[in-house]
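Model the full structure from these sequences, guided by the hints.
In order, the protein sequences belong to chains A and B. The first sequence lines up with residues 1 to 210 when you count with this note's numbering. The second sequence lines up with residues 211 to 336 when you count with this note's numbering.
These are computed hints drawn from the structure, not numbers from a lab. Incorrect hints may appear among the rest.
As a list, the in silico SDA-like pairs of lysine to any residue whose alpha-carbon atoms are at most 20 angstroms apart [as the list claims (entries may be wrong)]:
#1 A:Lys109 x B:Ser268
#2 B:Lys252 x A:Asp94
#3 A:Lys110 x B:Glu265
#4 B:Lys316 x A:Leu99
#5 B:Lys252 x A:Pro142
#6 B:Lys316 x A:Asp141
#7 A:Lys100 x B:Asn267
#8 B:Lys319 x A:Gln68
#9 A:Lys23 x A:Gln68
#10 B:Lys242 x A:Asp94
#11 A:Lys124 x B:Ser227
#12 A:Lys110 x B:Lys242
#13 B:Lys320 x A:Ala181
#14 B:Lys252 x A:Gln184
#15 B:Lys251 x A:Leu126
#16 A:Lys117 x B:Ser268
#17 B:Lys251 x A:Lys23
#18 B:Lys319 x A:Val148
#19 B:Lys252 x A:Gly152
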Amino acid sequence: MKFLKSLYQKFLKDVLKGKHDVKLGLYGPPNSGKTTLANTLCKDWLGEEMGTVSSLPHETREINIKEQITIKSKDGQELLFNLVDTPGIATKIDYEDFLKSGMSEGKAKKRAREATKGVIEAIKWLDEMDTVLVVLDATEDPYSQVNVTILGNLQARKIPVLVVANKIDLKRASMKKIQSAFPQYDVVGISARYSKNMDDFYKALFKLMK
Amino acid sequence: MVTLQFVPYNEIETLTSLGRIRKLLNIAKQDKIVLLQGRLKKEEETELIRATMEEINSEFKGIELAVINPQSSDGSGITKFKQDLFSMILGDRQGMTIIGPANVVKSIKKDPNKIELYTTEKRKKN
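See the structure below:
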């Protein structure tokens with residue numbers, strides 16, 4: 001009986017997933033440009049932004065969902081999904097780092113508390129995702145353990161992944177470093193801030209989700 | 211002074227995932243750098259990050275984490291066969307995991323050939 005029930009629930013989940021509830025998650029370390037990419041994607045297809053961005057780490061401290069986004073390819077194909085922007089995953093959060101930007105101690109401690117909760121939420125949501133874009137800052141060291149851990153977990157959960165190398169407009173950016181660090185994944189280079197290479201990004205997204 | 215504590219794999223082998231994470235995190239919270247023989251499962255790594263976030267306060271700022279995996283990028287022929295065989299026999303005993311408290315370890319830089327560990331300057335308390 002239990003087996004039949006779980007089979008039915010799985011069937012129901014799959015049917016719902018297939019038709020209405022495909023969740024596309026944005027994961028990555030803090031300040032890699034997840035929300036900037038979410039904003040660019042939403043502006044391109046919905047005409048409005050999704051969240052606020054800042055140069056300070058941990059600007060996104062809660063899960064944000066934009067439902068029912070439809071994107072279209074040049075050959076008439078459509079993708080429908082809910083976009084889930086998650087807080088950046090970190091292994092340490094020090095409120096004193098926020099003080100350096102001129103924030104008051106109270107505000108810095110509050111931000112740090114919210115940021116820790118955000119990381120916990122982002123990890124909890126891993127199981128809910130159908131497809132994930134791992135957004136990395138192409139100017140940073142790709143071998144960070146957070147990147148490896150996120151990708152390893154997605155692989156263990158058999159969730160399809162596209163690695164997005166963001167900030168390629170910057171001189172220090174290196175797509176090659178990211179490609180050689182994660183050769184088993186498709187990597188697309190973009191500048192979410194300046195909408196650079198978004199056509200290739202959408203092509204890769206269609207390839208991943210179709 | 212920096213203290214390194216070596217944890218052989220057999221000390222965590224029989225523990226539950228939660229037990230492993232608690233043991234390693236408790237050592238890190240004593241401002242010691244953990245050198246674990248082998249590695250945690252991927253799910254345990256995220257669980258370690260989650261547990262770390264729950265424990266962050268004004269004294270404990272989190273951890274720096276690095277896992278060294280001996281698998282070489284040359285995955286062809288006999289080399290790959292040997293690697294797969296060792297992986298099958300040794301399982302998670304292969305490699306090494308470094309967990310450094312953020313109060314002590316500023317950053318760990320890793321590339322396929324080397325690992326660099328930068329320590330923080332001790333902050334003076336007024």
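Does Gln68 of chain A sit within 20 angstroms of Lys23 of chain A, going by the straight-line distance between their CA atoms? Given pair Lys23 of chain A, Gln68 of chain A holds - Cα atoms ~10 angstroms apart, limit 20 angstroms.
Can the restraint linking Lys251 of chain B and Lys23 of chain A be considered satisfied, given a maximum Cα separation of 20 angstroms? Since the Cα atoms of Lys251 of chain B and Lys23 of chain A sit roughly 25 angstroms apart, the hinted pair is violated (cutoff 20 angstroms).
### Query
Does the structure keep Lys316 of chain B and Leu99 of chain A at a Cα separation of 20 angstroms or less?
holds (17 angstroms)
Pair hint outcome, Lys110 of chain A versus Glu265 of chain B [Cα-Cα no greater than 20 angstroms]: Holds, at roughly 15 angstroms.
Q.
Would the hint linking Lys110 of chain A and Lys242 of chain B be met if the CA-CA limit is 20 angstroms?
A. violated (27 angstroms)
Check your understanding: Are Lys316 of chain B and Asp141 of chain A close enough, with their CA atoms no more than 20 angstroms apart?
Key -> Holds, at about 15 angstroms.
Note to self: Given the hinted pair Lys319 of chain B and Gln68 of chain A, is their Cα-Cα distance within 20 angstroms?
What the structure shows: Violated. Lys319 of chain B to Gln68 of chain A sits at ~40 angstroms, over the 20 angstroms cutoff.
Given the hinted pair Lys252 of chain B and Pro142 of chain A, is their Cα-Cα distance within 20 angstroms?
holds (18 angstroms)
query = Holds or violated: are the alpha carbons of Lys319 of chain B and Val148 of chain A at most 20 angstroms from each other?
reply = Holds. Lys319 of chain B to Val148 of chain A sits at ~13 angstroms (cutoff 20 angstroms).
Taking 20 angstroms as the top limit, are the C-alpha atoms of Lys252 of chain B and Asp94 of chain A close enough?
violated (25 angstroms)
Next pair to validate is Lys252 of chain B with Gln184 of chain A; report whether the Cα-Cα distance is within 20 angstroms. Roughly 17 angstroms separates the two Cα atoms, so the pair holds.
| Between Lys251 of chain B and Leu126 of chain A, does the CA-CA distance stay at or below 20 angstroms? | holds (16 angstroms)
Violated hints, listed in ascending order, are 2, 8, 12 and 17; each of the other numbered hints is respected by the structure.
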